[in-house]
Amino acid sequence: MLTDLPSLVNYVFAPLVKIALVIAGMMTAAAYFVLLERWMAAWVQDRKGPNRVGMPLTKLKLFGLGQPLADGVKFITKEEYTPAHVDKPLFIIAPISILAAALAVFAVVPFGDVLPPISQIPGLDQSPIPLIVAPGVDVGMVYIFALSSIAVYGVILGGWASNNKYSFLGGLRSSAQLIAYEIPLGLGILGVVLMTGSLRLDNIINDQANSGIWNCFLQPLGLFVFVIAAFAEAARLPFDLPEAEQELIGGYHTEYAGLKLLLFLVAEFLHMITASFLIVILFFGGWHFWGITGDATAPITWLQAILRIAVFSAKIFGVILFFMMVRWSWPRFRFDQLMALAWKVLLPLGLVNLVAVAVMVEYQEPLVARFGSGVYWLFGLGGWVVLIAAWMIAALVSPSHDDNRPRRPQEFDIEAELYRMFQNKSV
Amino acid sequence: MKSDDPQVKWIEEPQLGLAGRMYLPLFVQGLSVTTRHLFSRKVTVSFPEERPEIGNPLIYRGVHRLNKDEQGRVKCVACFLCATACPAHCIDIIGVESPWPDREKYPQSFSIDELRCIFCGMCEEACPVDAIELTSLFDLTGRSREEMIFDKEKLLSVYDQTKDAEPMKSKAMGGTAT
Numbered sequence: 001m002l003t004d005l006p007s008l009v010n011y012v013f014a015p016l017v018k019i020a021l022v023i024a025g026m027m028t029a030a031a032y033f034v035l036l037e038r039w040m041a042a043w044v045q046d047r048k049g050p051n052r053v054g055m056p057l058t059k060l061k062l063f064g065l066g067q068p069l070a071d072g073v074k075f076i077t078k079e080e081y082t083p084a085h086v087d088k089p090l091f092i093i094a095p096i097s098i099l100a101a102a103l104a105v106f107a108v109v110p111f112g113d114v115l116p117p118i119s120q121i122p123g124l125d126q127s128p129i130p131l132i133v134a135p136g137v138d139v140g141m142v143y144i145f146a147l148s149s150i151a152v153y154g155v156i157l158g159g160w161a162s163n164n165k166y167s168f169l170g171g172l173r174s175s176a177q178l179i180a181y182e183i184p185l186g187l188g189i190l191g192v193v194l195m196t197g198s199l200r201l202d203n204i205i206n207d208q209a210n211s212g213i214w215n216c217f218l219q220p221l222g223l224f225v226f227v228i229a230a231f232a233e234a235a236r237l238p239f240d241l242p243e244a245e246q247e248l249i250g251g252y253h254t255e256y257a258g259l260k261l262l263l264f265l266v267a268e269f270l271h272m273i274t275a276s277f278l279i280v281i282l283f284f285g286g287w288h289f290w291g292i293t294g295d296a297t298a299p300i301t302w303l304q305a306i307l308r309i310a311v312f313s314a315k316i317f318g319v320i321l322f323f324m325m326v327r328w329s330w331p332r333f334r335f336d337q338l339m340a341l342a343w344k345v346l347l348p349l350g351l352v353n354l355v356a357v358a359v360m361v362e363y364q365e366p367l368v369a370r371f372g373s374g375v376y377w378l379f380g381l382g383g384w385v386v387l388i389a390a391w392m393i394a395a396l397v398s399p400s401h402d403d404n405r406p407r408r409p410q411e412f413d414i415e416a417e418l419y420r421m422f423q424n425k426s427v
Numbered sequence: 428m429k430s431d432d433p434q435v436k437w438i439e440e441p442q443l444g445l446a447g448r449m450y451l452p453l454f455v456q457g458l459s460v461t462t463r464h465l466f467s468r469k470v471t472v473s474f475p476e477e478r479p480e481i482g483n484p485l486i487y488r489g490v491h492r493l494n495k496d497e498q499g500r501v502k503c504v505a506c507f508l509c510a511t512a513c514p515a516h517c518i519d520i521i522g523v524e525s526p527w528p529d530r531e532k533y534p535q536s537f538s539i540d541e542l543r544c545i546f547c548g549m550c551e552e553a554c555p556v557d558a559i560e561l562t563s564l565f566d567l568t569g570r571s572r573e574e575m576i577f578d579k580e581k582l583l584s585v586y587d588q589t590k591d592a593e594p595m596k597s598k599a600m601g602g603t604a605t
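If you read the sequences in order, they're chains A and B.
Using my numbering, the letters of the first sequence map in sequence onto residues 1 to 427.
Using my numbering, the letters of the second sequence map in sequence onto residues 428 to 605.
By construction, these hints were calculated from the structure, which means they are not laboratory data.
From a predicted model like this one, the values you see are computed outputs, not experimental measurements.
Among these hints, one or two may not hold up.
Here are the computed lysine-lysine pairs in the DSS-like style, where the Cα-Cα straight-line distance is at most 30 Å [what the hints assert, rightly or not]:
{"id": "1", "chain 1": "B", "residue 1": "Lys469", "chain 2": "B", "residue 2": "Lys532"}
{"id": "2", "chain 1": "A", "residue 1": "Lys59", "chain 2": "B", "residue 2": "Lys469"}
{"id": "3", "chain 1": "B", "residue 1": "Lys469", "chain 2": "A", "residue 2": "Lys61"}
Looking at chain A on its own, in the form it has when it is part of the complex (with noise of 0.2 Å):
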């Protein structure tokens, strides 16, 4: 089958392109996050940040931009120390399924939409070349969320393996969490499905530019569940119980070093990056922005190609930046807060999103064949009022905070109590 030169382009040569593309592109981008965020955390609370490290063997300084280089020869070159009273084969599999999973999540993620054919080397395939890994993949959606399922594994294991209880709490809270914080992933998720009705990423992404009505619009409250279950998932503040380092030091990784810690800490940041492709795909349009980006139905130039790419680029530069001002801008989550937001808040929310984005889809095609595309209008409007509704009973009925102050000790009377015990027994 791999014989011919288009199909061995096609099948070997272009995916083996992307991947390389896609680890090099992957790997560096989580390295300037880390960075960026350094700068971020700097500049919230007013000091300047990272701006030493420059160029090497120069005496440029480019504003700290060697800073990423510098850290990764750090941990390259750090002892790695490897505690005695650790399971070595579960510590070292650990991180490297951990980073394996979060990197493969990227084989179904659009990074824009397609690049034109290349029409110079004969004997090819004139289609336009899509911009994923793995093109055509019809469960992108469920791959996704099954391999992000796997970094529950390697949190579990490097805290199982570690043999030490803080790294253990910090893998139990942790599995805890993600677990709980799937539920209203996928319903958020779902929504976003059910309007679609494909679990491809460029169809979802495709959909949204025909329309040109993102689905943030329509389903608010899918937003903001999927949103806050993002940020939980990828362990991010408010939620980075798992790690939280005032009370677990370093949660399920404390007993690591070097290159084991390096691999890590790159998977959740890769965790995050993953967390914001989401968000932009399924609701703020992908590529798509209005009168930049071109009839999605046309045959696409180069120029239409790189505006795409740099619009959801931006999109998505725009989301990790939200991600780490929040990091800054809210303290941290009690535990039980945390899991009553998953259960008893999200959880709902999300149904009542998937009802309402359900109604929305039955009732859709016969209102908008009687009154225009106008009904979308009343759909965005209705969604919000759903959103601001819907927040507001789950606000007033489980609120996210609960009273543990100490009271005023009752009286405690010993006669009244013996009284009480015996008219429940003799009842």
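Please build the complex by placing chain B on the supplied structure of chain A, with the hints as guidance.
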């Protein structure tokens, strides 16, 4: 004190309102604070290139100096009050008979162990003739412990170095000494 002590006053906090329960107003509040700080003026400086601004050099407690009088002589009269006041015992004075008629003694040697000093400024307070003062120099470094024991010449040179920027505190702050 036990919790059922009648002396204990129990305070009931008011219940959270709707805005507090909905959490989003708090979110916006937090985000606006961080956004404001993101673009605000930074308080740190790039140290060796930029020097931090010292609020009032006259009351800053940095490296010591030994003041000179108008004739260029050391003002110290070797009364040992600073060494007595020093809680870290870092001042070492050898006082001998003064060659000048206006005072009985002067320090033949005067050394301060800057590594031992806690920069409390009590020597400055104790000095009756305002001979020892703390300057606003803060980044003193050295390659050995011996180097950080400042002798009389070194302390007088600190005076020469800082006398223009920082006038003698006695005059500026309405002190008694001339």
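Numbered hints the structure breaks, given as an ascending list: 1
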